[in-house]
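Chemist: Chain by chain, the residues run as shown.
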Amino acid sequence: MLVAKPGLDGHDVGAKVIVHALRDAGMEVIYTGLHQTVEQIVAAALQEDVDVIGLSILSGAHLPITEKLMEKLREQKMEDVLVVVGGNIPKRDFAKLKSMGVSEIFPTSSRFENIAEFIRKKVVQ
Amino acid sequence: MTEKKEAPPKKESKSKPVILESGIEVKPVYGPDDVKDIDYQKDIGNPGEFPFTRGIHPLMYRSRPYTMRQYAGFGTPAETNERFKYLISQGQNALNVAFSLHSQMGIDSDDALAEGEVGRVGMAVDTLRDFEVAFDGIPIDKISASLTINGSAAIMIAMYLAMAEKRGVKLGEVRGNAQNDILKEYVGRGTWIFPVEPSLRLIADTIEYCSKFAPKYYPVSVCGYHIRESGANPVQEIGYGFCIARAYIRLVMERGLHPDDFVGRFSFNFDIHGNIFEQVSKFRAARRLWARIIRDEFGCKNPDSMQLKMIAGGGGGGLTIEEPENNIVRGAYYGLISALSGTQTMALCSYDEAFTIPSKKAALISLRTMQMLIDEMGLGDTVDPMAGSYYVEWLTSEFERRITEFIKKVDGEGGMVKLVANGTVQRDVSRQAYLLEKKLQSGEFVKVGVNKYRQEGPAEEHEVEMHEYDPKAARIKKDELRKLKSERDGKAVRTALDKLREAARGKENLMPFIMEAVKTYATVAEMTNAMKEVFGTFKEPVNL
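Chains as they are written, first to last, in our numbering: chain A, 339 to 463; chain B, 202 to 745.
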């Protein structure tokens, strides 16, 4: 799995915490570090051949960023990569994100076991 | 009183131990024995006297009430100017400027990297013109402005100083402060641009420049705040903060300045959430220890250098998405703690900040909270009312001991600059954030309405009046920038940028060159890129 921090948002506590949590749950997790462009994230996902991309966004720019990521994934024929989004995401945007092709949204204070279980189940499928 | 016949109280050994976030175990009862080794003159001192445990002024809020400085800014400088004026009209007496993320990163509004971000979390700034607009009609001699800016701080400080000069204020009279704390930015918050070494050079440049030419300006506000928000406990918050401040002091000393020439213009930014008594003791201990460090480690003689000046409050990490109205109550307690702690300046995160940048309504509630405490509830009546409490005095001393130990540990491992550059602090702090989150999820660490007394179901759908992002700001900023670029003296801009680039290659103080470029209306990105060509950019050590 690739945990990615897209854009200029510097709130990285959640991303780092999720990396620790999913590693403890037995997953192989790579963290991109801050300030990644969507292109860089897609390139990293391709190179590392990941099953899952987790975007962590707290600046409020989740809709345009996610839309762009999904578009780039389609361009690269990487539609089979599971995309989950975490961070400061209001409920009213959940449907919009899902219609873009996001598998699930884990807003701040989501439980580790729920995130790990969801990813495990989906990846096995 | 009638005697109740109840079961005898449980023996102390059987009650569950109470351990503070900082790892300090709390006894059920404190008494004279716990404070018998504390010497009032030596360890506490009268307010305004060394070691300033009780506060840095003799009369504290009776002579100087804490200033109220809500963090504000969004959209265009004109919109931000409106919000500033609104807050001032409601009694706020200082400003705390929020910058758009791209401005914090040295990127202009018209750059593709700024797409979707222009004016989202703060006001978008490209040139000096934006400062002129943002502060238009605001009495900058009476209302001091704090710039929450780090990676691009040297540029924004220069813009503020240049704007004040244009308004007729002499450089030597300009008041205000900037965050300008890059080491903490690598640990939390993340708006770094250049590698560690040139970034530290810029910090030293701003401090040296201000000490010589703008001596009333506070060029750096060292932030334990964001390190705590990133996962550090209260002891580490102060410990890391002091290690950063000591690193900056040494850098400026290398330029031949004595700490007494500039340390008096250092300020600190600390966080408040969690246990009330732990927080109050933390601040009292921090003041005492800072005075001792500055006197004993740096040989300062001027009491002003030894006085820890701070902004305390915020508390974003303590606020919750769940039942957001509870954050109003939490904010009130954080304000209470801040007042009890003898802060110089207060700012509170607003109840909706777990969702969005504050709405006008939420910002006003925070401001009213601070006003109620001092005007209605007696928090300004007498200095350091917690002094003399067996518990608080004991805990203050325990805090000082633990912070001292922690600083020794950081020094022993190579010091703050090295540990930040190689990612050690980031790794340690993020690991701790994970352990804390695990404790929250297991319920070991209680948050009311989150992991205890949680409401499941429809109550989770919260109605918060959201501040909406307006994409119009991006269009306006782009148009303004295009127009300004066509009107300014292009040759003067190029010359100033060339000089700045050339100076960056050498060892001179860069502030005069940045000031000159700012005055030609060079943009934030133009100046940043001139320096980037020489300095390169920071490569984040990702070793979790």
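Treat the hints as calculated values from the structure; they're not laboratory data.
Please read all numbers here as calculations on a predicted model, not as lab measurements.
Fair warning: there could be bad hints in the mix.
[As the list claims (entries may be wrong)] In the DSS-like style, the derived pairs of lysine-lysine whose C-alpha atoms are separated by at most 27 Å in a straight line are:
(1) 740(B) with 434(A)
(2) 436(A) with 406(A)
(3) 562(B) with 429(A)
(4) 740(B) with 410(A)
Chemist: Let me make sure I understand: some of the numbered hints might not hold for this structure. Which ones are they, in numerical order?
Modeler: The structure breaks only hint 1.
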